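Go ahead and model the full structure; you've got the sequences and the hints to work with.
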Amino acid sequence: MSALQIKKGSNKHSAYNLRPTFSDVSEAHTITVLVENEPGVLARVIGLFSGRGYNIDSLTVAEVDHEGHLSRITIVTTGTPQVIEQIKAQLGRIVSVRDVHDLTAEGSSVERELALMKVVSSGEKRVEALRLADIFRANVVDSTLESFIFQLTGAPDKIDAFADLMRPLGLVEVARTGVAALSRGTR
Amino acid sequence: MTRQMTGAKMVVQALKDQGVDTVFGYPGGAVLPIYDEIFQQNDIQHILVRHEQAALHAAEGYARSTGKVGVALVTSGPGATNAVTGLTDALMDSIPLVCLSGQVPTFMIGSDAFQEADTVGITRPCTKHNWLVKDTAKLSSTLHQAFHVASSGRPGPVLIDIPKDVQFASAEYTSKPKAPVGHYQPQVKGDMETITALVEAIENAERPVFYTGGGVINSGPAASQLLRELVDATGIPITSTLMGLGAYPASGKGWLGMLGMHGLYEANLAMHGCDLLINIGARFDDRITGRLDAFSPKSKKAHIDIDPSSINKVIKTDLPIVGDVGHVLEDMLKVWKARGRKVNREGLAKWWRQIEEWKQANCLKYTGSETTIKPQYALQRLEALTKGMDRYITTEVGQHQMWAAQFLGFEDPNRWMTSGGLGTMGYGFPASVGVQVAHPESLVINVAGEASWLMNMQEMGTAVQYRLPVKQFILNNERLGMVRQWQQLLHGERYSSSWSEALPDFVKLAEAFGAKGIICKDPADLDDAIMEMIKHDGPVIFDCLVEKHENCFPMIPSGEPHNKMLLGDAQATNAIAGKGAVLV
Numbered sequence: 510m511s512a513l514q515i516k517k518g519s520n521k522h523s524a525y526n527l528r529p530t531f532s533d534v535s536e537a538h539t540i541t542v543l544v545e546n547e548p549g550v551l552a553r554v555i556g557l558f559s560g561r562g563y564n565i566d567s568l569t570v571a572e573v574d575h576e577g578h579l580s581r582i583t584i585v586t587t588g589t590p591q592v593i594e595q596i597k598a599q600l601g602r603i604v605s606v607r608d609v610h611d612l613t614a615e616g617s618s619v620e621r622e623l624a625l626m627k628v629v630s631s632g633e634k635r636v637e638a639l640r641l642a643d644i645f646r647a648n649v650v651d652s653t654l655e656s657f658i659f660q661l662t663g664a665p666d667k668i669d670a671f672a673d674l675m676r677p678l679g680l681v682e683v684a685r686t687g688v689a690a691l692s693r694g695t696r
Numbered sequence: 063m064t065r066q067m068t069g070a071k072m073v074v075q076a077l078k079d080q081g082v083d084t085v086f087g088y089p090g091g092a093v094l095p096i097y098d099e100i101f102q103q104n105d106i107q108h109i110l111v112r113h114e115q116a117a118l119h120a121a122e123g124y125a126r127s128t129g130k131v132g133v134a135l136v137t138s139g140p141g142a143t144n145a146v147t148g149l150t151d152a153l154m155d156s157i158p159l160v161c162l163s164g165q166v167p168t169f170m171i172g173s174d175a176f177q178e179a180d181t182v183g184i185t186r187p188c189t190k191h192n193w194l195v196k197d198t199a200k201l202s203s204t205l206h207q208a209f210h211v212a213s214s215g216r217p218g219p220v221l222i223d224i225p226k227d228v229q230f231a232s233a234e235y236t237s238k239p240k241a242p243v244g245h246y247q248p249q250v251k252g253d254m255e256t257i258t259a260l261v262e263a264i265e266n267a268e269r270p271v272f273y274t275g276g277g278v279i280n281s282g283p284a285a286s287q288l289l290r291e292l293v294d295a296t297g298i299p300i301t302s303t304l305m306g307l308g309a310y311p312a313s314g315k316g317w318l319g320m321l322g323m324h325g326l327y328e329a330n331l332a333m334h335g336c337d338l339l340i341n342i343g344a345r346f347d348d349r350i351t352g353r354l355d356a357f358s359p360k361s362k363k364a365h366i367d368i369d370p371s372s373i374n375k376v377i378k379t380d381l382p383i384v385g386d387v388g389h390v391l392e393d394m395l396k397v398w399k400a401r402g403r404k405v406n407r408e409g410l411a412k413w414w415r416q417i418e419e420w421k422q423a424n425c426l427k428y429t430g431s432e433t434t435i436k437p438q439y440a441l442q443r444l445e446a447l448t449k450g451m452d453r454y455i456t457t458e459v460g461q462h463q464m465w466a467a468q469f470l471g472f473e474d475p476n477r478w479m480t481s482g483g484l485g486t487m488g489y490g491f492p493a494s495v496g497v498q499v500a501h502p503e504s505l506v507i508n509v510a511g512e513a514s515w516l517m518n519m520q521e522m523g524t525a526v527q528y529r530l531p532v533k534q535f536i537l538n539n540e541r542l543g544m545v546r547q548w549q550q551l552l553h554g555e556r557y558s559s560s561w562s563e564a565l566p567d568f569v570k571l572a573e574a575f576g577a578k579g580i581i582c583k584d585p586a587d588l589d590d591a592i593m594e595m596i597k598h599d600g601p602v603i604f605d606c607l608v609e610k611h612e613n614c615f616p617m618i619p620s621g622e623p624h625n626k627m628l629l630g631d632a633q634a635t636n637a638i639a640g641k642g643a644v645l646v
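In the order they appear, the protein sequences are chains X and D.
Residue numbering for the first sequence is 510 to 696, as defined by our numbering.
Residue numbering for the second sequence is 63 to 646, as defined by our numbering.
If you're looking for bench data, these hints aren't it; they were derived computationally from the structure.
If a hint is listed, it holds; no wrong ones were tucked in.
Covered stretches of chain D, going by a simulated chain X footprint (3 or more residues, C-beta under 8 Å):
| # | stretch |
| --- | --- |
| 1 | 178–191 |
| 2 | 368–378 |
Quick partial rundown of chain D residues pointing at chain X, CB under 7 Å, derived from the structure:
| # | residue |
| --- | --- |
| 3 | V211 |
| 4 | H245 |
| 5 | Y246 |
For clarity, every value in this text was computed on a predicted model and none was experimentally measured.
Built from N, CA and C at the ideal position, the CB exists for glycine as well.
Below, the structure is given as structure tokens:
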């Protein structure tokens with residue numbers, strides 16, 4: 510008989526479309542979880558990750574549908590394909606979880622993060638920071654004679670790049686929101 | 063007509079609406095209003111246990127032996143923390159439970175009040191779901207939802223934490239049919255394409271084997287019937303996990319016996335040598351697989367499970383089927399029959415000849431004795447003298463548990479209650495209490511080791527109070543037998559803390575509780591003593607003094623594959639070495 514056709518990605522209702530697993534190579538995946546907004550739901554999700562030894566690289570959560578009491582949790586995680594499949598299946602069986610999507614596996618997606626960075630410097634360094642901020646389209650949201658707070662939105666690697674540039678120019682503090690993501694197109 | 067009632071009354075009303083007839087529990091300050099309501103009615107009987115852990119295990123025994131949801135009621139703080147072991151046990155073995163816990167009043171939560179604990183926080187990882195109900199108006203619908211979640215999909219324990227002020231306050235009662243069940247609706251029907259592919263594989267396989275688990279029993283009696291029909295019609299051999307014993311009868315012609323670490327030689331070699339492995343409602347537990355990279359190396363693997371997270375968790379599956387075992391087996395049988403009931407007869411005949419050869423190893427053989435009772439002999443006699451009776455068996459955890467699984471035969475599902483996943487010493491006695499409450503007229507025997515049994519011995523009080531004629535069949539070797547065996551295999555016979563030095567006189571202990579005690583140490587007296595135990599109309603502690611250093615064989619040493627089984631003592635000393643030594 511023919512081997513089972515295994516498609517990319519899976520959802521909480523089905524394991525038929527599980528991808529071939531058991532590769533040793535770790536990959537980063539952005540997983541978005543729609544949950545019922547009830548007390549303790551974030552603890553359930555985080556507890557699953559810590560209890561089973563999965564990684565959380567980034568996590569964001571907020572209510573997205575007030576009427577329907579739904580929140581969206583976006584998790585960036587790293588693991589082998591087998592671990593990623595387990596994470597999705599384990600998330601899917603939490604009773605308060607409505608839907609699990611692996612944005613990395615299900616086609617292209619938009620990922621954005623917001624960062625605030627405080628840069629303390631003077632003279633040429635201060636001018637250079639401002640010039641670079643302009644290139645990165647970062648906004649100045651607070652200023653003193655010795656400091657700026659830049660607000661920057663973009664994909665995580667853009668924010669990483671900007672932070673790397675600011676470091677020698679007097680970067681003292683960074684606050685990042687973590688990744689928010691949606692799949693592209695009509696899905 | 064709207065029905066206004068207090069939260070406490072709602073609890074009792076919802077239990078009645080859910081068809082609950084028994085609650086196992088222990089009162090305390092934070093559940094007094096519920097106990098007051100229980101006092102004022104007669105539909106639900108409350109069994110007062112002696113420790114909250116026992117309430118959970120008794121509810122497990124009740125649930126496992128009836129197929130219904132077990133219910134436990136505990137107070138806040140220590141009541142809830144004592145319930146944690148029972149909840150975890152039920153989670154690992156997929157036993158449907160509803161645990162109700164009292165909580166300090168809502169306005170005191172977070173103030174470190176007397177007997178306050180963060181119960182939902184503590185029990186979040188050891189329940190399938192839990193709720194803290196802060197509003198009486200939401201209590202009745204939460205109670206109904208709790209039963210739905212506990213019993214649907216992969217069953218498991220749930221907990222509802224009810225603050226005391228919520229129990230006193232009044233609100234409108236939502237009846238069961240009106241209560242929203244929520245979005246939790248697990249898939250029960252399997253994918254037909256994959257089922258057909260599995261049937262096709264069954265038709266062609268030369269060396270197929272069914273590997274079944276507790277999921278068959280959880281799926282209900284119909285699933286066991288379908289399994290029997292499928293196994294007998296195809297003539298494919300079947301083995302089962304510890305949790306699945308009884309789904310296929312031990313007297314059936316396809317039966318190979320239990321598999322796994324202390325499973326039968328023929329069952330494990332069949333797993334190792336098969337070309338088609340059909341997992342039905344089991345989860346490739348590490349007690350089953352042994353070394354993963356050498357697990358059943360030549361087989362195509364099919365896995366039927368209602369929980370998608372069980373599939374591809376540890377073993378890569380070629381034919382994954384998510385669904386309820388009963389539904390999937392029904393479809394499998396339909397498809398198989400429609401395609402002309404084909405199997406590879408030639409291949410199967412050759413396969414069975416191979417299996418018969420393996421059976422010649424007679425892996426359960428042991429050296430008999432005329433002077434001391436061998437634990438295996440005790441169980442063989444227990445089996446012979448109770449066979450055919452309306453019998454339920456519970457066990458504690460350890461050597462006696464494995465011997466019971468090897469030497470007792472189970473003809474029907476729901477007759478065998480044991481702590482498989484968590485391996486909870488102290489499970490068996492309270493579980494036997496729960497089974498006996500559900501089946502007052504049946505013979506309920508807890509096969510125990512003396513060390514496990516002592517962990518919940520306070521339940522003698524419960525057994526005597528409710529006149530529950532549970533038989534505590536203790537194989538007493540004055541050792542933590544399984545620990546001692548591992549110390550022999552792994553730690554050069556240095557028996558660190560595995561000796562029970564100050565054991566009670568079990569006959570006097572029984573008498574102190576107002577029960578009957580029997581002691582037996584001579585193999586010649588064993589039959590009469592067992593019959594005396596069975597015939598006594600009341601709880602019995604049977605102190606069976608057995609060989610002290612008997613080892614449980616056959617055994618797959620940890621870190622080894624199925625085909626590297628130890629068959630006897632000659633191979634045992636320091637048998638676990640290398641990478642296997644870190645495994646449990």
